[in-house]
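S.K.: For reference, the chains in residue letters:
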Amino acid sequence: MEQKTVVLGVIGSDVHAVGNRILDFAFTQAGFKVINIGVLATQEEFIHSAIETNADALLVSSLYGHGEMDCRGLREKCQETGIGKIIMYVGGNLVVGKQDFESVKERFLAMGFDRVYPPGTLPDTPIEDLRKDLGMTID
Amino acid sequence: MQAVLLIDFGSTYTKVTIVDLESENILGTARAGTTIETNIMDGMNSALAQIPEPAEGWNFVRKLACSSAAGGLKMIASGLVKELTAEAARRAALGAGARVLEVFSYELTQKDLDRIIVSKPDILLLAGGTDGGNREVILKNAEMLSTLPVSLPVVIAGNKVVSGQAADILGKRHTPVVIADNVMPELGVLSVESARLAIREVYLTHIIQAKGLDKAEEFLERIMMPTPSAVLSAAELLAQGYGSEPGMGELIIVDVGGATTDVHSIAKGDPSKPSVMLKGLPEPYVKRTVEGDLGMRYSSEALVETAGKPLLDNLGWTDDQVLDQLSLYKEDPWRIPQTAEEAKFDVAMGRIAVGLAVDRHVGTIEVVYTPFGASYVQNGKDLTPLAVVIGTGGVLLHHSDPLEILRGAVFNPQEPTILKPQDPSFYLDKEYILAAMGLLREVSPQVALRMMKKYIVKL
Numbered sequence: 001m002e003q004k005t006v007v008l009g010v011i012g013s014d015v016h017a018v019g020n021r022i023l024d025f026a027f028t029q030a031g032f033k034v035i036n037i038g039v040l041a042t043q044e045e046f047i048h049s050a051i052e053t054n055a056d057a058l059l060v061s062s063l064y065g066h067g068e069m070d071c072r073g074l075r076e077k078c079q080e081t082g083i084g085k086i087i088m089y090v091g092g093n094l095v096v097g098k099q100d101f102e103s104v105k106e107r108f109l110a111m112g113f114d115r116v117y118p119p120g121t122l123p124d125t126p127i128e129d130l131r132k133d134l135g136m137t138i139d
Numbered sequence: 001m002q003a004v005l006l007i008d009f010g011s012t013y014t015k016v017t018i019v020d021l022e023s024e025n026i027l028g029t030a031r032a033g034t035t036i037e038t039n040i041m042d043g044m045n046s047a048l049a050q051i052p053e054p055a056e057g058w059n060f061v062r063k064l065a066c067s068s069a070a071g072g073l074k075m076i077a078s079g080l081v082k083e084l085t086a087e088a089a090r091r092a093a094l095g096a097g098a099r100v101l102e103v104f105s106y107e108l109t110q111k112d113l114d115r116i117i118v119s120k121p122d123i124l125l126l127a128g129g130t131d132g133g134n135r136e137v138i139l140k141n142a143e144m145l146s147t148l149p150v151s152l153p154v155v156i157a158g159n160k161v162v163s164g165q166a167a168d169i170l171g172k173r174h175t176p177v178v179i180a181d182n183v184m185p186e187l188g189v190l191s192v193e194s195a196r197l198a199i200r201e202v203y204l205t206h207i208i209q210a211k212g213l214d215k216a217e218e219f220l221e222r223i224m225m226p227t228p229s230a231v232l233s234a235a236e237l238l239a240q241g242y243g244s245e246p247g248m249g250e251l252i253i254v255d256v257g258g259a260t261t262d263v264h265s266i267a268k269g270d271p272s273k274p275s276v277m278l279k280g281l282p283e284p285y286v287k288r289t290v291e292g293d294l295g296m297r298y299s300s301e302a303l304v305e306t307a308g309k310p311l312l313d314n315l316g317w318t319d320d321q322v323l324d325q326l327s328l329y330k331e332d333p334w335r336i337p338q339t340a341e342e343a344k345f346d347v348a349m350g351r352i353a354v355g356l357a358v359d360r361h362v363g364t365i366e367v368v369y370t371p372f373g374a375s376y377v378q379n380g381k382d383l384t385p386l387a388v389v390i391g392t393g394g395v396l397l398h399h400s401d402p403l404e405i406l407r408g409a410v411f412n413p414q415e416p417t418i419l420k421p422q423d424p425s426f427y428l429d430k431e432y433i434l435a436a437m438g439l440l441r442e443v444s445p446q447v448a449l450r451m452m453k454k455y456i457v458k459l
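First to last, the sequence lines map onto chains L and V. The opening residue of the first sequence carries number 1 in the working numbering; numbering runs sequentially from there. The opening residue of the second sequence carries number 1 in the working numbering; numbering runs sequentially from there.
Read the hints as simulated data drawn from the structure, not as lab findings. As the structure is a prediction and not an experimental result, all values here were calculated from the model. Just to be clear, a hint being listed does not mean it is correct.
Listed below are the simulated DSSO-like cross-link pairs for lysine-lysine, each with C-alpha atoms no more than 27 Å apart in a straight line [unchecked claim]: (1) V:74 x V:120; (2) L:77 x L:105; (3) L:4 x L:33; (4) V:454 x L:85; (5) L:77 x V:268; (6) V:330 x V:74; (7) V:111 x L:77; (8) V:63 x V:82; (9) V:82 x V:140; (10) V:330 x V:215; (11) V:160 x L:85; (12) V:63 x V:430; (13) V:454 x L:4; (14) L:4 x L:77; (15) L:132 x L:98; (16) V:63 x V:215; (17) V:344 x V:330; (18) L:77 x V:120; (19) V:268 x V:82; (20) L:4 x L:98; (21) V:273 x V:74; (22) V:74 x V:111; (23) L:33 x V:140; (24) V:111 x V:172; (25) L:4 x V:140; (26) L:33 x V:344; (27) L:85 x V:82; (28) L:4 x V:82; (29) V:453 x V:430; (30) V:454 x V:63; (31) V:82 x V:120; (32) V:160 x L:33.
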């Protein structure tokens, strides 16, 4: 099967680099081609990278609590630039304070993300999900 | 004596330099108007005739030339995303010494094709997609380009997976079609060398003939490269050194011309301070930028427009005075300042041209405030520690105060985010030999290097 490509990055003014490295390693080990745009990634960088590399999914991390602000409008921009159907995952400490995760998840799903992960999710979960979403697993 | 004849067929002047390989001296330099309409050799011969011939006559061991005549090497580049492969393609073309007329991104439209027809480029550079990445755009653009009414040389430097297919499509209409390595094989990786070589090859095999420059090749051995390419080659040699002969280290060369101001940097430009993050497209070690709106004569009006208030403040002139001066330059582009006031205007204008051209060439640093304090993000090259700034070009050479103009290249504490050299030494290519030394490098790099170190003087 052809190798699938994902764009990985930490969105906004967020400089958390450790989790980014771990995800890069885990997805690469799992057989994906990882385009890691690193920390301080803008929405435009995610989109431009996905266009040039013909990526199958955007993996957005946000650890510093401003995720809601930084992620808003990403799906719309994807639609505008011709990659509107691309798979989008988001995870990390998406909001400030101890908010109920279900309501956080609802908000990000409404923003157009396909899957939303709470803090403490291990890489295996999104890897399995992505295989499913890309039709790579045989049920 | 081992005389070598080096010629630069420029857009306006044909410049002849004769050097002696043994004594490593310049035997003579001269220039005459370029005669592309009649026979390119007429101009060269009248320049050559100005240099006193030795009694036994010239016996050149080598005769080499570069050229920016007949519009130079005009290119149009196209890529996918403007900031990514389109920008990479632009840099590849500039690095090959081209005049980049247009850069298109995404799918080419009929309007883009019309622009290509009107501006008549010598070579098209087609990029788009990382290797294994997007393949639709380069194929669609190849289809579009194959509907052009004329045949043009095309260099393909895009997604390698579909390069062959794109070449097949283009080959139906265009010759030659050359495949080079992708200018952006991976996201954020710039790889322009293969495209540069392909462009040079097409230039040598097709463009010289198409421009009628091959007439010169009956007398000369060969037109080796476009002039900007020769200058870049000389700059690289001068920075790096050759064998046991040391170079001058990382440097900037600023060429202030009548129509454009070109900046070349031979420098890595890595962050000079710790904990700075790099963003954006990686920069080529040998980088060339061309500013079409920052010329001192043909584009002086555009320059004044761009410079605006700082220029007026600098001079204390009124708008009318500036307009009067500009109309003088319009009448006679080669006018040399006649009065002290005029010279002041020229210095102010030159300094701003150099300043803006270097501003646009170097990188920037910005502070990003995060919940964990300030972070620094660098885009482009940090040239603050760079120690050598070299000036060249007609305007500087014939100017009474080139140093004052070159100081525009220095870091401005009022604009601390623009990473220009903080405390460089200034040099002048007084004999105007950089292009010639780029040619001489092909024959004897050591001699070319030593001659540059001898003839490029400290200001």
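S.K.: Does each hint hold? Answer for all of them.
M.R.: Going down the list of hints, with the structure as the test:
no.	hint	in the structure
1	V:74 x V:120	holds, 8 Å
2	L:77 x L:105	holds, 20 Å
3	L:4 x L:33	holds, 6 Å
4	V:454 x L:85	violated, 63 Å
5	L:77 x V:268	violated, 35 Å
6	V:330 x V:74	holds, 25 Å
7	V:111 x L:77	holds, 25 Å
8	V:63 x V:82	violated, 42 Å
9	V:82 x V:140	holds, 17 Å
10	V:330 x V:215	violated, 33 Å
11	V:160 x L:85	holds, 25 Å
12	V:63 x V:430	holds, 23 Å
13	V:454 x L:4	violated, 57 Å
14	L:4 x L:77	holds, 22 Å
15	L:132 x L:98	violated, 30 Å
16	V:63 x V:215	holds, 14 Å
17	V:344 x V:330	holds, 18 Å
18	L:77 x V:120	violated, 35 Å
19	V:268 x V:82	holds, 24 Å
20	L:4 x L:98	violated, 35 Å
21	V:273 x V:74	violated, 39 Å
22	V:74 x V:111	holds, 19 Å
23	L:33 x V:140	holds, 25 Å
24	V:111 x V:172	holds, 22 Å
25	L:4 x V:140	holds, 23 Å
26	L:33 x V:344	violated, 59 Å
27	L:85 x V:82	holds, 22 Å
28	L:4 x V:82	holds, 24 Å
29	V:453 x V:430	holds, 12 Å
30	V:454 x V:63	holds, 22 Å
31	V:82 x V:120	holds, 22 Å
32	V:160 x L:33	holds, 17 Å
Hint compliance for this structure: hints 4, 5, 8, 10, 13, 15, 18, 20, 21, 26 are broken, all remaining hints hold.
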